[in-house]
Amino acid sequence: MSATPFGSFLLDERIAVGGTAEVYLARPARPGTGLPDRLVIKRLLPHFVSDVEGRSMFQREARLHVAVTHENVVEVFHAGEDDKGEPYLAMEYIDGVDGYRLLRRLRQSGERLPVGVAVHIAREVLRALDSVHSAMDPTRGKPLGIVHRDVSPSNIYLSVDGGVKLGDFGIARSTTRTTLRSEAGQILKGKFAYLSPEQVAGELSDHRADLFSLAVVLSEMLLNEQLFPGAGQLAILLAIRDCNIDALAAIRDRLPDGLYEVLARALARDPEARYQTAAALHAALGPFSADAETARTEVAARVRWVRSSTSTDGFVAIRESVRAMRAAASNTAPPPTPEVPVEVDDGYEGDDYEGKTEEYAMLPSFVLTADGTRHGPWTFARLMEALATGQISRGDKVDYVGRGFAPVEEIDEFARFLPAATATTSSLTGPGAPDVVDGVSPEALLTILTRVLARRETGVLFAEKGGGAGPAQGKKELYFVDGRLHHVASSNASELLGEYLVRRNKLEREELDLALAVLPRYGGRMGDTLISMGLVGAVDVFRAIREQGRDRVADLFAWNAGTLQFYSGQTAPHVEFPLDLELSALMLAGLEAARPGDLPLESYRARLDRGLGPAAASGSHASLQEYAWPPIVARTRALVTQPRPLREVLKAAARAGGLTVGDVLRACEILLAAGVIAWE
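Quick note on our numbering: the sequence shown kicks off at 9 and runs consecutively.
Just to be clear, a hint being listed does not mean it is correct.
The following label-pair restraints were derived from C-beta to C-beta distances [said to hold, decoys possible]: (1) Asp214 - Asp103: 31 to 39 Å; (2) Asp145 - Arg260: 28 to 36 Å; (3) Lys150 - Pro622: 36 to 44 Å.
In silico SDA-like cross-links for lysine to any residue, where the CA-CA straight-line distance does not exceed 20 Å [claimed, not checked]: (4) Lys405 - Asp420; (5) Lys199 - Gln241; (6) Lys405 - Met541; (7) Lys199 - Gly240; (8) Lys405 - Trp386; (9) Lys473 - Gly491; (10) Lys405 - Val444; (11) Lys473 - Asp559; (12) Lys514 - Gly491; (13) Lys473 - Val444; (14) Lys405 - Glu418; (15) Lys514 - Lys473; (16) Lys150 - Leu53; (17) Lys405 - Gly384; (18) Lys473 - Gln556; (19) Lys405 - Thr377; (20) Lys473 - Ala569; (21) Lys92 - Gln67; (22) Lys514 - Arg554; (23) Lys92 - Gly15; (24) Lys92 - Ser16; (25) Lys199 - Lys659; (26) Lys199 - Gly545.
It should be emphasised that the hints constitute simulated quantities derived from the structure, not laboratory data. Ideal Cβ positions, reconstructed from N, Cα and C, are used throughout, including at glycine.
Put together the whole structure using the sequences plus the hints.
So this is what it looks like as structure tokens:
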């Protein structure tokens, strides 16, 4: 095959292609350039060359990668554009394999890396990360604050001489070039099995996220399987969010004494509890590493072993494929079951989607509610909506796809979607006398939520909109576990996940209709359905579910009439996706929904000259004196360390910058409800 000219290089062979770029094995077109005979050229895919955002991302990668020079980082020789204006990177060629290929081969063979060698590889990557995180801007002489954001096996390169290098800065960012506000809203593009909890949740992240990811990679090398496995992508993301490292704990006895403890700290959910720098984690892993010479020899041998097995792997894959096809051909297909197509207008015309709904067609279902009313025929999607919004509750009977009427709680497909037996969205009748009864208002909600937070309570809050003798206009159930929001049920169909994603422009209406048609295939789980169909990414669904829970609570703050009943000690129902949300952040979001912008100022004008000061720690709220409040609340509290008029608090916040009048007043409302500050 002849080489393809590209600027001052000759492209010999394409060796990789990604979402936005392709990588070629190349060589200089002319001798005497000072470049090695073999190198790698990374260039944008043709359809991204004229894309402004694509070029910008590529140029950012080049700028950040060039800024880092270290023996454990893939070297960039040159970044520029060819004679047609196409950007490229000329990089070091690593003669070897990446970590993904090594781990795959180890799993296929049922082998593991020696612990000391795995730790050595991790420490070499940490040396690279230390260089990345401490890189300086050559023009301004200030730290760039680079965060790699994609520390994963496929970006760790192992050479035939035993070297270890970190590469691919495609989604790296510089904290000095990104505002905190914009970072929180960015779409995460890293490999989600290696993300940190804060990245998964869409919260602010820094270099400590890279250290978490590296600890995940090391754990995988020790386990010979992924640290965070799951039945689906959402399950993996939940395991990451909760830092479920049970798999690592299971092999603790075969690890050197102390190594598990180091990894457990590196994998802490709270970034403040982890090792704070790559150098610190590198030092902590030192006692468990093989000596450098032994480790390099072992790595080199493993690289040669993986490369020599490539052709064998291909033959085995072909053989297994043929065997599977023969087995499928020998089976007799069962006779088709008569079905009634689901009536869904999917909005598509032509042949592209022909037969999509028929493929998953189901018999219709009927519902008989406790008052004797019969509903139907209903599709599976309509049944799921009725369950989610409380139109169907315990005791109601369902004739599910012709199986005959049975109580909904006895039908496996639906039982897990029902709220706890002690409560239902169709009624505010709870288990005995409620602990708190109040009307719906921001003040009442703050009182209840700060109580739950201070006491780390488990319980349920029933909210009914409208109140009085007339019909309810809406119902919500808020379940708490250990002082955090566990689940929110709502009778509002517009708050279902699919509708929420449509409103957020993450999903088209036609795509939602199609997902509803195939919902039965995924057991009624809308999130899993959307992910499996490729309509919405796993991380986007994960974040949307959390944001949906937050918005359901925020909407409650905006109700202008209704009833609240709180029952302490009530166990939360099992849900597929426990929210596990901080109540303090929900309070801020709720107050913003009820009184947006600087609107709170109107209700505080008469109290601007009244003094505010620290409250004495007492009673059940004493624990909130040391609580880690969100930044807006924490900064406001710091302005009230001594008694001073509210007007002076607002002036001090304006001088400090970063807080609006509305921010300060909403934070004061929370701190007053929490008993952290008080009126003089």
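How the hints compare with the structure:
no.	hint	result
1	Asp214 - Asp103: 31 to 39 Å	holds (34 Å)
2	Asp145 - Arg260: 28 to 36 Å	violated (43 Å)
3	Lys150 - Pro622: 36 to 44 Å	holds (38 Å)
4	Lys405 - Asp420	holds (13 Å)
5	Lys199 - Gln241	holds (11 Å)
6	Lys405 - Met541	violated (31 Å)
7	Lys199 - Gly240	holds (15 Å)
8	Lys405 - Trp386	holds (13 Å)
9	Lys473 - Gly491	violated (24 Å)
10	Lys405 - Val444	violated (33 Å)
11	Lys473 - Asp559	holds (16 Å)
12	Lys514 - Gly491	violated (31 Å)
13	Lys473 - Val444	holds (17 Å)
14	Lys405 - Glu418	holds (9 Å)
15	Lys514 - Lys473	violated (29 Å)
16	Lys150 - Leu53	violated (33 Å)
17	Lys405 - Gly384	holds (12 Å)
18	Lys473 - Gln556	holds (19 Å)
19	Lys405 - Thr377	holds (6 Å)
20	Lys473 - Ala569	holds (6 Å)
21	Lys92 - Gln67	holds (16 Å)
22	Lys514 - Arg554	holds (15 Å)
23	Lys92 - Gly15	holds (8 Å)
24	Lys92 - Ser16	holds (12 Å)
25	Lys199 - Lys659	violated (45 Å)
26	Lys199 - Gly545	holds (11 Å)
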